[in-house]
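Required output: the full structure, derived from the provided sequences and hints.
Number of protein chains: 2
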Amino acid sequence: MPSSIKISNKDKMLLTAIDLISQKGYKSVTTQEIATTAGLSEKTLFRHFGSKQNLLETAFDRFHYSEEMEDTFHKKLTGDLETDLLLISKTYHRIMNQNRKMIMIAIKEGNTLPGFLEKTQQHPRQLLKILTLYFKNMHKKGKIIHTDFELQAISFMMMNFGAFLNNLDADKSFPTVTLDKFIQTSVQTFARALTP
Amino acid sequence: MPSSIKISNKDKMLLTAIDLISQKGYKSVTTQEIATTAGLSEKTLFRHFGSKQNLLETAFDRFHYSEEMEDTFHKKLTGDLETDLLLISKTYHRIMNQNRKMIMIAIKEGNTLPGFLEKTQQHPRQLLKILTLYFKNMHKKGKIIHTDFELQAISFMMMNFGAFLNNLDADKSFPTVTLDKFIQTSVQTFARALTP
DNA sequence: TATGACTGTCAGTAGTGACTGTCATTTTGT
DNA sequence: ACAAAATGACAGTCACTACTGACAGTCATA
Numbered sequence: 051m052p053s054s055i056k057i058s059n060k061d062k063m064l065l066t067a068i069d070l071i072s073q074k075g076y077k078s079v080t081t082q083e084i085a086t087t088a089g090l091s092e093k094t095l096f097r098h099f100g101s102k103q104n105l106l107e108t109a110f111d112r113f114h115y116s117e118e119m120e121d122t123f124h125k126k127l128t129g130d131l132e133t134d135l136l137l138i139s140k141t142y143h144r145i146m147n148q149n150r151k152m153i154m155i156a157i158k159e160g161n162t163l164p165g166f167l168e169k170t171q172q173h174p175r176q177l178l179k180i181l182t183l184y185f186k187n188m189h190k191k192g193k194i195i196h197t198d199f200e201l202q203a204i205s206f207m208m209m210n211f212g213a214f215l216n217n218l219d220a221d222k223s224f225p226t227v228t229l230d231k232f233i234q235t236s237v238q239t240f241a242r243a244l245t246p
Numbered sequence: 051m052p053s054s055i056k057i058s059n060k061d062k063m064l065l066t067a068i069d070l071i072s073q074k075g076y077k078s079v080t081t082q083e084i085a086t087t088a089g090l091s092e093k094t095l096f097r098h099f100g101s102k103q104n105l106l107e108t109a110f111d112r113f114h115y116s117e118e119m120e121d122t123f124h125k126k127l128t129g130d131l132e133t134d135l136l137l138i139s140k141t142y143h144r145i146m147n148q149n150r151k152m153i154m155i156a157i158k159e160g161n162t163l164p165g166f167l168e169k170t171q172q173h174p175r176q177l178l179k180i181l182t183l184y185f186k187n188m189h190k191k192g193k194i195i196h197t198d199f200e201l202q203a204i205s206f207m208m209m210n211f212g213a214f215l216n217n218l219d220a221d222k223s224f225p226t227v228t229l230d231k232f233i234q235t236s237v238q239t240f241a242r243a244l245t246p
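For the record, the sequence lines run as chains A and B.
Last residue of the first sequence: 246 in the numbering used here, with the numbers rising by one and none dropped.
Last residue of the second sequence: 246 in the numbering used here, with the numbers rising by one and none dropped.
Since the hints were derived computationally from the structure, they do not count as laboratory data.
Errors might be hidden in some of the hints.
When chains are identical, the list treats them as one kind, so a pair holds in a single copy or across two.
[What the hints assert, rightly or not] Dumping the calculated EDC-like pairs for lysine to aspartate or glutamate here, alpha-carbon to alpha-carbon at most 16 Å:
(1) Lys-60 <-> Asp-111
(2) Lys-193 <-> Glu-132
(3) Lys-186 <-> Asp-130
(4) Lys-231 <-> Asp-198
And the structure:
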């Protein structure tokens, strides 16, 4: 091993479970498959987690990254529209990519496993608030035109949400475009639309 | 019955299958459940379709709406940017909503049932081509600024894709906003960003 | 009335998957 | 090196599920 970080068997199984379930879906993955893929025996799985359900819930709680952002975020906003939209967009994609497997699970099993969807929507909602408020403040400073700020913020978030989902699967709908180039263009578009 | 259109038992089961599978996922729905929900016996299901797999595939082929649009579409474009973007956006959402259950199935079972995803991505790709070409032509006429037209078209499509997916589930991420208002605002944004 | 297409009931099969118990073996902490 | 904890191998239980077979009922049509 290059890095001598030891990963416990428990975490091995949790990570494997997230991997497989995000790919195939909860029902399609067997406890047998999870265990052997993790290089362990099925028995060990049940010794640790008791049930398949509990395995998934534990995995979700343990590996759902939920960092605080409010405090640091406001300070980083410069007042330059394009710069700030770029920061917000990149932050969004960074957070979403950290949680990409969890989000995939939440989308697939959202109906059957209630509560999952909400947790994954936590960050987007937070960013939406920040962005809406940001638009309001920028308008007060006379730096952007007057519109429905929340709707505008939602449009921006939706666009990034669509782009994120498109990048989730291996076979993408529009594979010709990289995410970075998309972010750049879309931010420019919004900046141009909002400057007075 | 108000309308005397008789729906065959075969179609009853196909529609029920689409309904249930789009909600719960393929693996979570039993043939028993499909049959009784359709008001028929499980035996009849197998007499018609032979297997659960075949039932789903038949359902997908039979009820995946794939209208032609190229011909009529170009003629409807007026040359007024905002009007045309509105038409494209509404067309997109109309088609996506017709196929919403199919798209849900494709998203959930996309990895396990290959070929489904591609079919649902057929329309978005077509609209993307039309929109990209439209931008090029509008630029030639001097009606919009010069940008990367494909990237611009993708941004627009992504935004609508995100909005569509957000409206898919009963519990939406941003429930305060109706789809129509979103479409209106987003179209205005893009129109403003692109006019010289 | 008789035939055929369609359907329901019921009993049953074969396979699978979550989960348990037992005992031997390995790994770990001290 | 030794005891404790963790793991594996294996066999087995129980419920569920896709799918089949045998038989009977309904209904339209010739």
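Item to complete: Quick one: which hint numbers does this structure break? Sort them smallest to largest.
Response: Structure breaks no hint.
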